[in-house]
Structures are given as C-alpha cells and as structure tokens.
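Trainee: Spelled out, the chains give:
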Amino acid sequence: MTSPAPIAEPQEMPSPDPATVPALSIDGVSHSYGPRRALIDVSFNVQPASFTALLGLNGAGKSTLFSLITRLFGIQTGHVGIFGNDIGQNPGEALRLLGVVFQPRTLDLDLSLKQNLLYHAALHGISRRDARARAAELLDRIGLADRAGSKVRDLSGGQMRRLEIARALLHRPRLLLLDEPTVGLDVKARADIISHVRQLVTEQGIGVLWATHLFDEIMAGDDLVVLHQGKVLAQGPMSRVIAEAGAQDVNTAFMRLTGAQTMPGGGA
Amino acid sequence: MSSITTRDAPPGFSASEYMTCLTGIVWREGLRFLHQRERFVSALVRPLVWLFIFAAGFRQVLGISIIPPYETYILYEVFIAPGLMAMIQLFNGMQSSLSMVYDREMGNMRTLLVSPLPRGFLLFCKLLAGTAVSLLQVYAFLLIAWFWDITPPPIGYLTVLPALILSGLMLGSLGMLISSGIKQLESFAGVMNFVIFPMFFASSALYPLWRVQEGSPYLYYVCQANPFTHAVELIRFALYGQINWISLAVVAGCTIVFMIGAIYAYDPSRGLARRGPAGGEG
Numbered sequence: 001m002t003s004p005a006p007i008a009e010p011q012e013m014p015s016p017d018p019a020t021v022p023a024l025s026i027d028g029v030s031h032s033y034g035p036r037r038a039l040i041d042v043s044f045n046v047q048p049a050s051f052t053a054l055l056g057l058n059g060a061g062k063s064t065l066f067s068l069i070t071r072l073f074g075i076q077t078g079h080v081g082i083f084g085n086d087i088g089q090n091p092g093e094a095l096r097l098l099g100v101v102f103q104p105r106t107l108d109l110d111l112s113l114k115q116n117l118l119y120h121a122a123l124h125g126i127s128r129r130d131a132r133a134r135a136a137e138l139l140d141r142i143g144l145a146d147r148a149g150s151k152v153r154d155l156s157g158g159q160m161r162r163l164e165i166a167r168a169l170l171h172r173p174r175l176l177l178l179d180e181p182t183v184g185l186d187v188k189a190r191a192d193i194i195s196h197v198r199q200l201v202t203e204q205g206i207g208v209l210w211a212t213h214l215f216d217e218i219m220a221g222d223d224l225v226v227l228h229q230g231k232v233l234a235q236g237p238m239s240r241v242i243a244e245a246g247a248q249d250v251n252t253a254f255m256r257l258t259g260a261q262t263m264p265g266g267g268a
Numbered sequence: 001m002s003s004i005t006t007r008d009a010p011p012g013f014s015a016s017e018y019m020t021c022l023t024g025i026v027w028r029e030g031l032r033f034l035h036q037r038e039r040f041v042s043a044l045v046r047p048l049v050w051l052f053i054f055a056a057g058f059r060q061v062l063g064i065s066i067i068p069p070y071e072t073y074i075l076y077e078v079f080i081a082p083g084l085m086a087m088i089q090l091f092n093g094m095q096s097s098l099s100m101v102y103d104r105e106m107g108n109m110r111t112l113l114v115s116p117l118p119r120g121f122l123l124f125c126k127l128l129a130g131t132a133v134s135l136l137q138v139y140a141f142l143l144i145a146w147f148w149d150i151t152p153p154p155i156g157y158l159t160v161l162p163a164l165i166l167s168g169l170m171l172g173s174l175g176m177l178i179s180s181g182i183k184q185l186e187s188f189a190g191v192m193n194f195v196i197f198p199m200f201f202a203s204s205a206l207y208p209l210w211r212v213q214e215g216s217p218y219l220y221y222v223c224q225a226n227p228f229t230h231a232v233e234l235i236r237f238a239l240y241g242q243i244n245w246i247s248l249a250v251v252a253g254c255t256i257v258f259m260i261g262a263i264y265a266y267d268p269s270r271g272l273a274r275r276g277p278a279g280g281e282g
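Line order of the protein sequences matches chains A and B. Mapping of the first sequence onto the working numbering: position 204 corresponds to residue 204, and the numbering continues sequentially without gaps. Mapping of the second sequence onto the working numbering: position 237 corresponds to residue 237, and the numbering continues sequentially without gaps.
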C-alpha cells in the first residue's frame with residue numbers, strides 16, 4: 001500500500017463481514033499497575049492471514065498487552081476484540097478463536113507430550129476421540145510423533161516451543177499470539193519455529209501477532225507495531241514504517257523512533 | 001476461510017464440553033499426583049506418625065469418655081483417626097494452593113485460565129480435582145489404620161465419602177482463597193505457621209472439646225468457631241453412619257463462602273489485575 005495516511009484506520013463496522021473484521025482489534029487500551037502506567041492508549045489491528053510483529057524492548061508493555069488479550073488481567077480502559085468478540089463481554093467466544101504461546105514455558109514437564117496436548121484439548125471441551133486424532137496429527141506435523149509418549153522434561157528447548165505451538169493450534173484458533181517465542185533458542189530452532197508460524201499464516205490463513213525484540217525475525221511483507229514505554233510509536237506495513245522514520249532498515253527505524261522518546265516519556 | 005467469525009454451534013458451551021473439561025482437569029491432577037510419589041508417601045506418613053507414635057504416647061494421658069458418635073469406650077487412636085483424615089485434607093488443600101502459586105509463577109496457571117470455559121467453572125473443577133486426590137490419600141490411610149485396629153463399621157467407609165468430599169472442597173477452596181493472596185512461593189511457610197498449625201491444634205482433632213473447655217474456656221470458643229473442628233466432627237460422625245447437622249451446616253456454609261471468595265479473587269478484573277505483573281513480566 002502506498003497510501004499517504006499516517007495511520008491506516010481499519011474498517012469499523014457494527015455488523016461485521018467476515019472478510020473485513022480484524023482477527024484482533026486493540027482499541028484505546030490503557031493499563032496501569034498502581035501509579036505505573038504500562039500501556040497508554042494502545043490501538044492497532046491484526047488482520048486474518050497476516051503476520052504482525054509487535055516490536056518492543058523488554059518492559060515496553062508487550063507482556064501486559066498479552067495478558068489483557070488473554071483475559072488474565074481485566075481491561076481497565078479500551079476494548080479488545082477477537083474477530084469482533086469483545087474479550088470483556090464475550091470471553092468464551094473470543095478465547096475459542098485464540099491460540100497463545102506465552103513467553104514462560106507452560107507445559108507439564110512430568111507428563112508426556114500427548115498428555116499435555118490432551119489436557120489442553122479437554123480445557124477446550126474437545127472430546128477425547130477428537131483430541132487424540134488432532135494431537136497425533138499435530139505431533140506429526142512438528143516432527144515429534146515418535147516422542148508422543150516421552151516426558152516433556154526430556155525435550156530440548158526448541159522442541160518444547162514447537163510442542164507449545166502445536167498445543168496452541170489444537171482447538172483450531174484463527175488468531176495466534178506468540179510472546180517472544182524464540183527467546184533462549186539456538187539459531188536452527190529459531191529458524192524452524194519462524195518458518196513454521198509463517199506457514200500457518202500463508203497456508204491456513206491464521207492471523208499472527210508475534211511479539212519480539214529481535215529485528216531479524218521480521219520480514220518485508222510483515223505488519224509492524226512499534227511499542228515503546230507503553231505507547232504505540234508507529235504501525236503499518238514494514239516498508240512504510242521504515243520510510244516514515246526516514247531509515248534504511250528496521251533496526252535504524254526502531255532506534256530513531258524510540259531514541260527520540262527514551263528519556264521523556266519515562267516518568268514514574 | 002469460509003466462516004471465521006462464527007462457529008456452526010450456538011454460542012456458549014454444551015454439557016458435554018463442560019464434562020470433558022471437568023474430567024480432563026481431574027485426570028491431569030491425578031496424573032500429576034501419581035508422578036509425585038514422594039508427595040503421596042509424605043501425605044500418608046504424616047498422619048501415620050501421629051497415629052503410631054503420638055497416639056500411643058498419649059493413650060495413657062488422655063482418657064476419653066463416651067461421647068457421641070461413640071457408643072463404647074474407645075482407644076485414643078480411634079478418637080484421633082477422623083482428625084487425622086481431616087488433617088490429610090487440610091495439607092492437601094494447602095498443597096494444591098501451593099501448586100497454584102507455583103503454577104502462577106511458572107505460567108502454568110495461564111493454560112488453565114485461557115480456556116474459553118467460564119473461569120468460575122474452571123476453578124471449581126480444579127477444586128474437585130484436588131478433593132479427588134485427597135480422597136485417594138484418606139482411603140489409603142484408612143486401609144492402613146484398619147490394621148491398627150481402627151475399624152469403623154463397614155458402612156462407615158461409604159457414609160464418610162460425602163463428608164470427605166464436602167470437607168475436601170471446603171479446605172481446598174480455603175487454600176485457593178489464600179493462594180490468590182500469596183505473591184510468591186516463599187510466603188508459603190507463613191501459611192504453615194498461621195493457617196495449618198493453628199487450625200489443626202485449635203480443633204477437636206486431637207482432643208474432645210469438653211476437655212478443652214475444662215482447661216481454657218476461651219480456647220474452647222476458638223475451637224468452636226474453627227471451621228476445621230466442624231470438618232473433623234462431620235467426618236467423625238459420618239464414619240459411624242451419623243450426621244452432625246451443625247457441623248454439616250458450618251462446613252457447607254464455609255465451603256460456599258470460601259469458594260465464592262476464591263472465584264472472586266481469581267476474577268480477571270479484580271483479583272489478579274490489582275497484583276501487577278507477575279515474575280518475568282516484560
């Protein structure tokens with residue numbers, strides 16, 4: 001897109017048409033922990049079948065935002081919608097369409113791969129028989145079918161992440177959130193996971209929100225949301241964000257955008 | 001990408017989805033319990049130490065008169081057995097709350113809370129699962145105690161079941177309520193000191209309350225007000241095929257209050273939200 005508008009305002013329609021309703025809409029969300037403001041008037045959308053990178057340093061507010069989208073925290077101000085379902089008013093329908101991979105590992109280490117998947121399926125009300133079939137299919141897809149019965153504890157970091165992604169897909173969500181999923185992984189495991197998730201976008205039309213502070217995980221066609229000290233500094237297709245910052249690459253663009261604001265907005 | 005926003009099924013959840021979720025949570029809790037053999041062993045050893053050592057020593061010191069539900073003179077071991085059963089559940093309730101704090105620190109709790117089913121229902125399932133685990137422990141204890149001449153009427157093993165479920169739910173929801181207020185694992189030692197020990201000792205688990213009253217009327221009132229006393233009495237009577245209505249009312253009432261409190265405390269817009277970011281928040 002070469003639209004000159006600084007921020008692409010997405011179509012807001014009361015009765016949504018599936019083609020235009022965003023996978024995820026964040027609308028004017030602010031959040032404070034006591035006096036500390038973690039998010040300040042954050043708004044952006046993630047479209048279906050798109051890869052949106054949420055770029056921010058540690059402490060930018062990424063994890064807070066994830067906690068709000070997944071209803072771990074209540075929303076103080078603003079709205080979060082998943083395919084038009086408000087997370088506050090209609091959490092059941094919203095969460096059904098959402099798969100999430102949290103930053104800390106959330107697997108039962110002493111249970112087997114399969115047991116972990118079956119537990120997750122049960123939490124989504126998926127019957128045992130369906131759950132077994134889907135678990136087998138997903139384990140096959142992530143190349144861990146032969147490990148189905150082993151304990152998660154015996155997996156490598158990269159394998160655990162793949163398992164977590166498989167688990168997040170078990171209930172066939174249309175939106176997938178990943179919070180710094182490649183932290184602590186080696187180069188090969190990182191590359192595997194990134195390509196796997198990108199495949200999900202192109203092949204299955206899943207909308208992905210990928211939080212990261214690693215610039216090399218972003219590609220030219222991606223949408224970008226730059227979050228810094230709780231505020232969205234820039235958003236849009238990657239090329240536009242870079243151009244508007246007057247930079248050559250993401251790295252410089254990010255430094256320019258955030259550098260200007262490092263000291264002031266800090267506050268308490 | 002035909003129907004993305006809407007599913008074919010009507011909104012909400014079917015009864016079978018609720019059931020699948022419940023059995024899944026109980027199943028997982030059971031698996032975890034079986035994997036932690038030390039936990040099972042220590043859950044059994046604790047009451048058995050009381051039974052084999054403490055009770056043997058105190059048998060001579062404490063005379064037990066005939067009080068309901070007993071119809072004859074009984075050994076001290078027989079008297080404290082229901083108290084020890086309740087103790088198993090007390091520890092189990094607190095231990096599952098400990099595991100909830102642990103889960104929350106480790107992020108494991110998130111998997112549960114991100115389930116689309118109503119959060120109150122999820123927490124209730126978690127409570128039922130913890131209670132089921134405590135039942136395993138109590139019946140294992142009863143089996144061993146049987147060889148130690150603690151032989152309630154056979155029907156008692158059945159009639160005590162509903163009492164155990166109720167007391168398990170009460171102690172579990174108390175643990176859950178406490179866990180919602182604990183920020184870190186380290187604080188759990190305080191729970192031992194300030195919850196488990198006072199609840200256990202200021203109750204009718206180890207001595208009949210009329211004896212307490214002789215010693216200290218004030219302590220007697222404390223014991224009377226202690227919900228744990230009523231859990232013990234409910235179990236004691238049920239083990240002999242009887243119902244202690246007052247205890248039943250107190251335990252049922254406390255269960256409801258604690259449960260509502262716990263569900264309220266884990267409500268996203270209130271409890272957890274006030275607490276700010278957890279451990280490794282970015």
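Quick caveat, the hints were computed from the structure, so don't treat them as lab data. Do not take every clue at face value.
Which chain B residues stay away from chain A? Per the calculated CB distances, all over 10 Å, these [stated by the list, open to error]:
hint : residue
1    : F13
2    : Y18
3    : W27
4    : P68
5    : V78
6    : P116
7    : P208
Calculated lysine to aspartate or glutamate pairs in the DMTMM-like style (CA-CA distance at most 25 Å, straight line) [to be verified]:
hint : chain 1 : residue 1 : chain 2 : residue 2
8    : A       : K114      : B       : D103
9    : A       : K231      : A       : E203
10   : A       : K114      : B       : E77
11   : A       : K151      : B       : D103
All of these numbers come straight from a predicted model, not from anything done at the bench. Cβ atoms here follow ideal geometry from the backbone N, Cα and C, with glycine treated the same way.
Trainee: Would you check the hint for K231(A) and E203(A), treating anything up to 25 Å between C-alpha atoms as holding?
Mentor: violated (32 Å)
Trainee: Verify this label for me: P116(B) is non-interface relative to chain A, using a Cβ-Cβ cutoff of 10 Å.
Mentor: The claim is violated: P116(B) sits with its nearest Cβ about 4 Å from chain A, within 10 Å.
Trainee: Confirm or reject: W27(B) is not an interface residue toward chain A, with every Cβ-Cβ distance exceeding 10 Å.
Mentor: Violated, because the least Cβ-Cβ distance between W27(B) and chain A comes to about 7 Å, which does not exceed 10 Å.
Trainee: Per the stated criterion, does the least C-beta distance between Y18(B) and chain A lie above 10 Å, as a non-interface residue requires?
Mentor: violated (7 Å)
Trainee: Closest CB-CB distance from V78(B) to chain A, is it above 10 Å?
Mentor: holds (38 Å)
Trainee: Are the Cα atoms of K114(A) and D103(B) separated by 25 Å or less?
Mentor: Holds, at about 20 Å.
Trainee: Test the statement that P68(B) is away from the interface with chain A: the closest C-beta pair must be farther apart than 10 Å.
Mentor: Consistent with the label, P68(B) stays out of reach of chain A, its closest Cβ about 44 Å off (over 10 Å).
Trainee: Next pair to validate is K151(A) with D103(B); report whether the Cα-Cα distance is within 25 Å.
Mentor: Holds, at about 18 Å.
Trainee: Classify the label on P208(B) as holds or violated, using whether its beta-carbon is more than 10 Å from each beta-carbon of chain A.
Mentor: Answer for P208(B): holds, closest chain A Cβ roughly 43 Å.
Trainee: Please verify that the nearest CB of chain A lies beyond 10 Å from F13(B)'s CB.
Mentor: violated (6 Å)
Trainee: Are K114(A) and E77(B) close enough, with their CA atoms no more than 25 Å apart?
Mentor: violated (45 Å)
Checked against the numbered hints listed earlier, the structure breaks hints 1, 2, 3, 6, 9, 10; every other hint is satisfied.
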